Structure formats: structure tokens, C-alpha cells
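Undergrad: Going down the list, the sequences are from chains A and B.
Letter by letter, the first sequence follows residues 178 to 557 in the numbering used here.
Letter by letter, the second sequence follows residues 178 to 557 in the numbering used here.
Hints in this document: simulated from the structure, not taken from any laboratory.
Just so it is clear, the structure is predicted and the values come from calculations on it, not from any experiment.
Identical chains blur together in the list; that is why a pair holds if it fits in one copy or across any two.
Restricting the straight-line Cα-Cα distance to at most 27 Å, the calculated cross-link-like pairs of lysine-lysine (DSS-like) are:
#1 Lys202 x Lys531
#2 Lys531 x Lys219
#3 Lys554 x Lys509
#4 Lys509 x Lys202
#5 Lys305 x Lys495
#6 Lys531 x Lys509
#7 Lys423 x Lys495
#8 Lys202 x Lys219
#9 Lys288 x Lys495
#10 Lys423 x Lys305
#11 Lys288 x Lys423
#12 Lys554 x Lys495
Single-letter residue listing:
Number of protein chains: 2
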Amino acid sequence: MSAPRFHVTYRITPDDPRPIEAHAKDICIEETVEIPEDCVPKGHWEAGIVGRIESITPRGGSPGDYDVNISYRTDIANDAIPNLLNVLFGNISIRRGIKIVDIQLTPDQLKAFGGPRFGIAGIRRDLKVHGRPLATTAIKPLGLHARELARLCGGYSLGGLDVIKDDHGLIDQHFHPFEERVARIQEAINAANARTGRVTHYYPMIAGRFDQVEAQMAFARAQGCYGVLIPPLLIGPDTGFHLARKYGLAVMTHPTFTGTHFHDPRHGMTPAMLLGRLFRIFGADISVFPNAGGRFTFTGQECHDLAAAMRGELGGLKPGFPSPAGGMTIEKVGAMVDSYGEDTALLIGGALLKYSPDPEVSARAFLTALEAAAAGKARP
Amino acid sequence: MSAPRFHVTYRITPDDPRPIEAHAKDICIEETVEIPEDCVPKGHWEAGIVGRIESITPRGGSPGDYDVNISYRTDIANDAIPNLLNVLFGNISIRRGIKIVDIQLTPDQLKAFGGPRFGIAGIRRDLKVHGRPLATTAIKPLGLHARELARLCGGYSLGGLDVIKDDHGLIDQHFHPFEERVARIQEAINAANARTGRVTHYYPMIAGRFDQVEAQMAFARAQGCYGVLIPPLLIGPDTGFHLARKYGLAVMTHPTFTGTHFHDPRHGMTPAMLLGRLFRIFGADISVFPNAGGRFTFTGQECHDLAAAMRGELGGLKPGFPSPAGGMTIEKVGAMVDSYGEDTALLIGGALLKYSPDPEVSARAFLTALEAAAAGKARP
Chain A
178 MSAPRFHVTY
188 RITPDDPRPI
198 EAHAKDICIE
208 ETVEIPEDCV
218 PKGHWEAGIV
228 GRIESITPRG
238 GSPGDYDVNI
248 SYRTDIANDA
258 IPNLLNVLFG
268 NISIRRGIKI
278 VDIQLTPDQL
288 KAFGGPRFGI
298 AGIRRDLKVH
308 GRPLATTAIK
318 PLGLHARELA
328 RLCGGYSLGG
338 LDVIKDDHGL
348 IDQHFHPFEE
358 RVARIQEAIN
368 AANARTGRVT
378 HYYPMIAGRF
388 DQVEAQMAFA
398 RAQGCYGVLI
408 PPLLIGPDTG
418 FHLARKYGLA
428 VMTHPTFTGT
438 HFHDPRHGMT
448 PAMLLGRLFR
458 IFGADISVFP
468 NAGGRFTFTG
478 QECHDLAAAM
488 RGELGGLKPG
498 FPSPAGGMTI
508 EKVGAMVDSY
518 GEDTALLIGG
528 ALLKYSPDPE
538 VSARAFLTAL
548 EAAAAGKARP
Chain B
178 MSAPRFHVTY
188 RITPDDPRPI
198 EAHAKDICIE
208 ETVEIPEDCV
218 PKGHWEAGIV
228 GRIESITPRG
238 GSPGDYDVNI
248 SYRTDIANDA
258 IPNLLNVLFG
268 NISIRRGIKI
278 VDIQLTPDQL
288 KAFGGPRFGI
298 AGIRRDLKVH
308 GRPLATTAIK
318 PLGLHARELA
328 RLCGGYSLGG
338 LDVIKDDHGL
348 IDQHFHPFEE
358 RVARIQEAIN
368 AANARTGRVT
378 HYYPMIAGRF
388 DQVEAQMAFA
398 RAQGCYGVLI
408 PPLLIGPDTG
418 FHLARKYGLA
428 VMTHPTFTGT
438 HFHDPRHGMT
448 PAMLLGRLFR
458 IFGADISVFP
468 NAGGRFTFTG
478 QECHDLAAAM
488 RGELGGLKPG
498 FPSPAGGMTI
508 EKVGAMVDSY
518 GEDTALLIGG
528 ALLKYSPDPE
538 VSARAFLTAL
548 EAAAAGKARP
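Let the hints inform the model, and build the full structure from the sequences given.
TA: Here it is, written out as C-alpha cells:
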């Protein structure tokens with residue numbers, strides 16, 4: 178009875194007239210023993226192996242919805258990310274009307290997964306940037322020669338950007354093979370850093386087959402990259418976090434292929450829980466997400482909940498940077514700084530290409546707008 | 178211009194009044210170059226690096242929806258599963274009103290991904306079972322001692338089941354550590370096979386951290402397991418297929434954590450495309466899915482489309498078994514055989530525990546019902 182338990186809050190919108198208790202119990206069974214209730218061995222109930230309903234709170238929605246808190250034994254999920262996700266939202270992902278709105282792991286679980294290795298303070302220390310958001314961009318488009326991508330990065334770095342990541346579509350294509358691209362870009366950034374005396378960090382995209390990703394991580398590390406961009410749902414929810422930790426690389430997460438969680442308030446996980454809470458627990462130093470008002474459909478509230486999940490108190494884990502992106506422009510910098518505050522990695526991608534053909538000019542304009550906005554905010 | 182291209186049909190339900198062409202072009206750009214249209218280098222359009230709209234077909238829905246066929250250069254996705262998914266449904270997963278309803282890869286892509294290694298014919302040959310569906314079960318519940326799980330498996334095997342898989346919640350928990358569980362279960366099945374002269378195959382669940390899964394595969398292989406159960410979205414869409422191929426193991430896929438694709442006809446992928454077409458192309462010999470009429474919400478039509486995607490002609494790839502599951506019972510065997518026909522791995526899980534405390538008795542009842550249904554179907 179005393180095995181430690183972690184807690185998940187499911188927002189349930191029942192799609193049949195059974196009482197809410199029956200829906201909640203379905204989850205308790207489906208995510209653990211997965212057998213008819215009357216077949217569950219008596220000892221299983223006593224030992225708490227079945228999920229346990231801790232509270233049911235009506236929300237007064239129409240149709241009626243409820244926040245149901247369910248606890249699970251930690252030793253069912255172990256310290257492995259796939260196992261945790263399997264318990265949180267495995268088979269029930271295929272049922273309707275279940276949304277994860279809160280996840281509370283135990284201190285031991287948080288310690289085992291470990292959270293960000295660098296975090297906001299570590300990245301700021303290494304960039305020597307304080308008192309303003311980070312100026313971040315994505316290098317694109319796919320299909321340019323690696324030489325040309327490196328030229329753009331050199332210019333962005335000379336112009337003062339803090340963080341450059343690969344566009345997530347840059348994988349290992351023959352027009353910019355992974356190793357050539359990463360080596361040339363890091364080289365161009367090193368040269369610019371040497372000229373300016375400033376620091377720009379580069380996060381190459383890590384993706385590919387199971388047998389490719391570790392070699393990519395090792396290569397990025399050997400080239401002196403500060404971090405890596407990983408797409409957890411494409412290469413495996415554990416894979417990128419695990420390898421980045423092994424090779425001592427900072428982690429920026431990308432939301433590609435996650436979006437089906439977010440279309441409907443009745444299904445999936447909230448952006449805050451998947452891209453914020455969980456990715457941070459797993460090790461995200463920076464979490465990229467599509468900002469409200471861009472090309473995507475997150476609401477302002479969802480974005481702020483996500484930012485809070487990255488930065489708020491969480492059992493001693495380091496905070497990480499939220500990185501609003503997806504259709505952002507230099508004109509929006511002021512509003513974004515007002516909205517997200519200082520500890521943010523503001524990401525402007527394609528709009529820098531549009532602003533000027535010279536990447537140094539675009540970068541300088543971005544940085545100027547950012548510093549002005551941050552200074553304006555700092556003054557009364 | 179002559180680079181080979183593959184084709185995807187997106188069902189688009191526009192959520193703003195722009196013309197359908199604009200929505201379709203959004204996808205072409207978002208999934209490739211991901212920059213403002215007027216920044217795309219002219220050579221990129223000419224080289225076909227941007228996705229290309231091949232056709233737009235109004236469906237007459239309300240609100241208006243359209244089937245839009247878009248082609249992409251194969252060398253953008255390469256032969257890596259994460260890259261292919263990134264192009265098919267990466268960032269656009271976070272936009273609304275886009276559903277993948279068809280995917281047509283090129284012959285070279287199909288050859289590179291390879292499809293099922295064993296397929297229906299290979300599994301039948303090795304089981305020596307012809308002319309009827311396979312009798313399949315899941316060993317459960319989580320939390321029993323490995324010894325007890327092995328006892329159940331021995332009984333199921335004596336009773337004549339063809340295929341036994343782990344319940345997908347059985348990972349590497351201390352009450353049934355992976356190696357102990359797999360060794361004991363395979364041993365019990367070997368003993369039963371020796372007694373009956375029949376063949377039962379065992380598929381242990383492979384999940385865990387990046388650094389654990391390969392050792393699990395190697396262990397399953399060393400114990401003589403015929404195949405493995407893999408959860409592609411939990412361990413990485415490529416991981417399990419890649420390793421099973423490396424170790425010569427048959428692949429059964431599990432749909433855990435995939436369900437957010439299926440809640441709404443306007444978002445995600447259809448079950449047929451994700452659990453059928455793609456999983457088969459990636460290597461699924463058997464694809465488990467939640468049958469209509471059980472605890473989950475797939476419709477009969479969705480289930481049959483999925484079965485067709487597993488078994489239909491697909492550029493010379495072997496067909497695989499669809500495996501309807503999720504709340505099936507012995508009473509439903511006749512209806513399931515009528516509905517799915519012979520080349521099906523009928524999966525009854527918890528209901529066997531409910532049928533009798535003696536697994537051999539339950540298995541025999543299942544097999545008897547299956548043989549009767551198959552014989553009835555064979556006769557005029």
C-alpha cells in the first residue's frame with residue numbers, strides 16, 4: 178500500500194451516459210492491468226497496482242466535464258520515458274474525451290529523469306547574455322548547398338544572434354549531408370565568434386534511423402556544437418534526450434509530429450503538459466513551440482501555460498527557455514517581449530530572410546529591436 | 178525536374194475562407210522549405226524541392242472539404258522513417274483541418290523500407306496453420322509474478338493458441354523483469370510445443386530507454402522468440418522495426434499512444450494509413466488495432482480499411498495480418514471471422530481470463546469457436 182505514486186489529472190468529457198466514476202475507473206484499469214474489472218486479482222487492488230481515483234471535480238462544462246485525478250505506482254512506469262508515456266496516455270489515447278491537463282511526478286521520478294542539464298542559467302552563463310531574451314533563428318531553407326547555409330549562419334552570428342538552430346527539415350539530404358552541413362556551419366560560427374568576441378550557439382537537427390542518431394550526436398559534439406535540436410516524437414520520446422545527456426549537449430526540442438494532441442480541448446495533452454512539463458522533465462533546455470498569432474493555432478493562454486511549465490517551480494529541476502516561433506517577425510518583437518518577458522528564446526526564422534538578403538543586417542535589426550524592447554520593459 | 182516524387186492525399190477542411198489552393202500551398206511550403214513564399218529561391222521551384230499540388234478534388238462536405246494530392250521529392254525524406262514522417266505530417270500536424278487519407282510511395286521507397294519480412298505466408302508456414310485465422314492472445318495482467326505469467330502461457334499453448342504476445346503494459350518492472358519474464362514464458366511455451374507437437378509463437382513487448390531496447394531484442398532472439406511486440410510511437414517510429422530486422426524477428430505493432438490521430442475525421446491520419454499502410458511499409462507482420470464494438474471507438478469501416486491496407490496489393494510488399502483486438506470475446510469469434518475472413522490474427526485478451534481460470538480450457542474454447550466459424554465459412 179505504501180509504494181510511491183504519481184498523479185495525473187485527466188479532463189474527462191464523457192461520451193456516454195455512464196456515471197463519471199465509471200469513466201474514471203476505465204482509465205485506471207486500461208492504463209495498468211487492462212483486463213475486465215472482475216478478473217483483477219484481489220491482491221492487485223490491495224497493492225495499488227491498478228490506477229486509483231484520487232478526486233473527481235465537476236467543471237460545469239456542457240456537455241459535462243470533470244477533472245479526474247488518478248494516481249499510479251511509480252514502479253509501473255520505471256525511469257524510462259516510453260514506459261511513463263505508456264501509463265500516462267497509452268491505450269486511452271484511442272478513447273475519446275480524455276485530455277491530460279496536469280502531471281505531478283514524485284521527487285524521485287523527477288530526479289531520475291533529471292530535467293534540463295543546462296537550463297536558463299547555464300545557457301545564459303555560456304552565452305554571456307543577461308537581462309534580455311535570447312535572439313534565436315532557424316537556418317533555412319532546405320535544399321540550399323551546405324556552403325550557402327554556412328554563409329547565412331556566419332552572417333547571423335556576426336549580426337549578433339545568440340542561438341542558431343537547423344530548420345527541422347534539414348536532415349541528411351544529399352544537398353546538405355549531415356556531417357558536411359554541421360561542420361561547415363559550426364566552422365562559420367566559430368569564425369564569426371572569433372571576430373566579434375561574442376558567442377553564438379548552434380543546435381543541429383538530429384534525426385534519422387536508429388543506427389544513425391548516435392553517430393550524429395557524437396559528430397555534433399566533436400565539432401563543438403553547444404546543443405542539438407531533437408524531435409522527440411519522430412526519433413523516439415527517449416532517444417534524443419538520452420543521447421544528448423550522454424554526449425553533454427544542450428537540448429532544444431521541436432514540436433514536429435506532436436500536433437494531433439492539441440486540436441481539441443477534449444483529447445490528447447495540452448501543449449503545456451507535452452511540450453512544456455514533460456519535455457522539460459525529460460531534459461529540454463529550450464522548447465520550441467508555435468506562438469499564437471503566427472501560422473499555427475495555439476491560443477495565447479496555451480502559449481503562456483507552456484511558458485509557465487518550462488519556467489515554473491518543479492521540484493528543484495532547472496527551468497528551461499520557452500521558445501515561441503512559427504511565423505514571428507521583427508515587428509512583433511516588442512509585443513513578444515511584453516508578453517513572455519526576459520527568460521525567453523525568441524525565434525524568428527523565415528522573416529529574417531525576408532527582411533534583408535544580408536543575414537548580418539537582418540540579425541542586427543532583430544537584436545536592436547530586442548534590446549530596445551527589453552530596455553523599454555526594464556524602465557518604469 | 179525529373180527527381181522521383183511520392184504522393185500524399187490530404188483531406189483538407191479549411192478553417193478560414195481563403196481558397197483551397199492557398200491551403201494546399203501552405204502544406205507544400207510548410208512541409209519542405211518552411212519560409213515565406215516570396216523568399217523561396219527560384220531554383221527551388223524548378224527543382225521541385227517545394228511540395229507540388231497534383232490535384233484538388235472537392236468532396237462536397239459541409240463545411241466544404243477537399244482531397245488534395247501533393248507530391249514531394251523522395252530525396253527529401255530519404256530512406257529514414259523519421260524523415261518520411263517529418264515530410265508527411267511534421268509541422269502541419271499542428272495546423273487544423275488536415276487528415277492524411279492516402280499515401281503512395283515509389284517502388285524504390287517501398288523497397289528501401291522493405292515491408293514485412295515474414296508476412297502472412299511466412300508466419301503461416303512457420304506455425305503450420307492454414308485455412309483459418311490465427312488464435313492470438315495477450316498475456317496479462319501486469320503485476321503477476323513472471324512464474325504465473327509463464328504458467329498462463331503454457332496453458333494457452335497446450336490449449337492450441339497460435340500466437341501469444343505480452344500485454345503492452347509488461348515492460349521491465351521488478352515484479353516481472355524483462356529477462357526473467359521472457360525466458361520463463363518462452364521456456365513454458367517450448368515445453369508445451371514439445372508436448373503437443375504444435376507450434377505457438379511468443380512476441381514479448383520491447384520498450385524502455387534508448388540504451389535498453391537493443392539488448393531486449395538480442396535477448397528475445399537468443400531465447401528463441403519468434404517475434405516481438407513493438408510500440409512505434411513510444412520507442413521511436415523507426416527503432417523497433419530497425420532492430421527487429423537486424424535480429425531477424427517478426428514484428429507485431431501495438432497502437433498505444435497513437436490515438437490522437439483518430440479522434441476526428443478532420444485531423445491526423447486515418448487508422449488505415451498509420452496502423453495499416455505505414456506500419457506495414459515499415460515492417461509490421463501483424464498490426465494490432467482496437468476492433469469496432471469493443472472498448473474503443475474505431476468504426477467498422479475504419480477497421481476494414483485498415484485490414485485492407487495490411488493485406489492489399491502494395492508494390493510487391495508482403496501482406497501482413499490485421500489483428501483486431503480490444504474487448505473481443507469468444508462469443509464474437511463467429512462474427513469476427515465473417516467480418517475479417519481467414520487472413521486475420523484474431524486477438525482475445527482479458528476475456529480468456531474471464532472464460533475460465535484454466536488457460537488451457539479458455540484457449541481450447543477459443544480455438545474450437547474459431548475452427549467452427551472458419552469451417553462454417555468455408556462451406557457453401
